[in-house]
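Trainee: Taken in order, these protein sequences are the chains called A and B.
So the mapping is simple: this note's numbering equals the position in the first sequence, first residue as 1, plus 34.
So the mapping is simple: this note's numbering equals the position in the second sequence, first residue as 1, plus 868.
One should not assume that every hint holds.
[To be verified] Distance ranges between label pairs, derived from CB positions:
#1 A/Asn70 <-> B/Asn958: 30 to 36 Å
#2 A/Arg67 <-> B/Asp897: 51 to 57 Å
#3 B/Lys934 <-> A/Ile37: 46 to 52 Å
[Stated by the list, open to error] Listed next, the in silico DSS-like pairs over lysine-lysine satisfying Cα-Cα at most 25 Å (straight line):
#4 A/Lys86 <-> B/Lys1011
#5 B/Lys947 <-> B/Lys934
#6 B/Lys1054 <-> A/Lys82
#7 B/Lys934 <-> A/Lys82
#8 A/Lys86 <-> B/Lys1054
Just so you know, these hints were derived from the structure itself, not from any lab.
Every residue gets a Cβ at the ideal spot worked out from N, C-alpha and C, and that includes glycine.
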Amino acid sequence: MKIDNHINRDLLVAHAQRHLNQPDASAVSAHLRDCNSCADDYGSILLKLRVKRVAAPEWIWQGIRTAMEERPQRRPSRFGLWQSLAVAALILVVGTTGYFHFRPDRAQPFDVGQYLYALEVESSAPNPVNMRAHFPGFLAYDRQLALSDSQFQPQVQGYRLIEQRILKSGGIQVVQLLYDSGGDSFIVFIAPRKVIFNFGLFKLVDDEAQGITCRRALCPRQDIYQFTTAKRKYVFVHKHNPSVGAGPLFAELMRTAP
Amino acid sequence: MAGLGAEIRVLKTSEEDDAIEGCRRGDPDAQRRLFDDYQHRIFSIALYLSSNAADAAEITQDVFLKVFASLPQFRGEAKFETWLYSIVANTARDHGRRLRSFLFRDSAFWRSRPDRVPSVEEQHDQHQVDEAVRSAVASLPEKLRLPVVLRYVEDLSYGEIGEVMNLPPGTVAARLSRAHALLARKLERVRR
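Let's have the full structure, built from the sequences with the hints guiding it.
Mentor: Laid out in structure tokens, this is it:
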């Protein structure tokens, strides 16, 4: 088929629906490369044929409800300026006393979840690997869990911690740790609640995954899960239970993960 | 992911007004009604803007949180849908910027993700073609992507798209035309 003028709509539709034989399809393809007007029509036809609405996953509503329940409610202030200053002074005194009582020297187990809840950190850091530079307060606050501090990195035999980030997702912060052994890698996410990571959806994100081959709860009562795709292992720590922290349980998780 | 076709129920104007009014008061039932009515639409827009179901789900979640938080300030000067689409577009833009710069592009873990339209040989079935279309749409420059999504997912007119994007209809038409030609060529590779 030789195409000298613009292609009519029926032929473009047939092309989009793959109804043309190979020589005709090749002729149309060649014409579309050179003719903007026909390419415009053809793009419009393709989109009309192919673009459609898609059903949203069912869990989204639950995630919204959870986020709304966890979000602090704003109430009109009943305090005037002096009352507010008095409260601020009280908080300062109590906070300072508390700091000296609970400072890192006392080796308090660091609770990842409390950290995630308590601090406002950047949602993204230009160089997240270098967290020491970006979160000095964080590292100064706790030498035990400092994610990039050599004194306490969650160690996994045969694996190297190559990346650590704090993500902000769905309004909450999530710690991400990436381990690699040269040929194998896995990721640990530590999230303060359940709604962020959905196993089914993560399957879609991971283009290399051939499906989830293993999924089990490491510690069912603590909501710590591990699942394995064809190439990688994932561990999810859903921190909504105060007993899940960076202490023995976290060590146990890191020991058993790979 | 299932296609929806004609299953989507659309609230009549008076029902929608009631739901919006209820949301302003923080009524959970009204919030649920509004969510039920718009969830698939917003998720679909987000999916074509991001080309990734996990991102689309997070964007959808964030959009509703913003809508419920902002509705008390919504004065009704613009149509509710126009206002809503603007929130979706802004949320998807912020989300994409954040993830692309932070999680996916920079991360060794995600570096192996294919950032291209799949080849002919990889196109085995309809599902993959649909994914290729989504990838191609999501790979468009942002100023072309949003009009395509609003036009073909939401069936908005040029004028309505212009209201969301604050552009004259003629500019919307020109951008769509450019997007069509770009997509036609990108998708030629997956056509057969």
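Trainee: Now look at each hint and say whether the structure bears it out.
Mentor: Status of each hint after checking the structure:
no.	hint	result
1	A/Asn70 <-> B/Asn958: 30 to 36 Å	holds (31 Å)
2	A/Arg67 <-> B/Asp897: 51 to 57 Å	holds (55 Å)
3	B/Lys934 <-> A/Ile37: 46 to 52 Å	holds (49 Å)
4	A/Lys86 <-> B/Lys1011	holds (20 Å)
5	B/Lys947 <-> B/Lys934	holds (17 Å)
6	B/Lys1054 <-> A/Lys82	holds (16 Å)
7	B/Lys934 <-> A/Lys82	violated (31 Å)
8	A/Lys86 <-> B/Lys1054	holds (19 Å)
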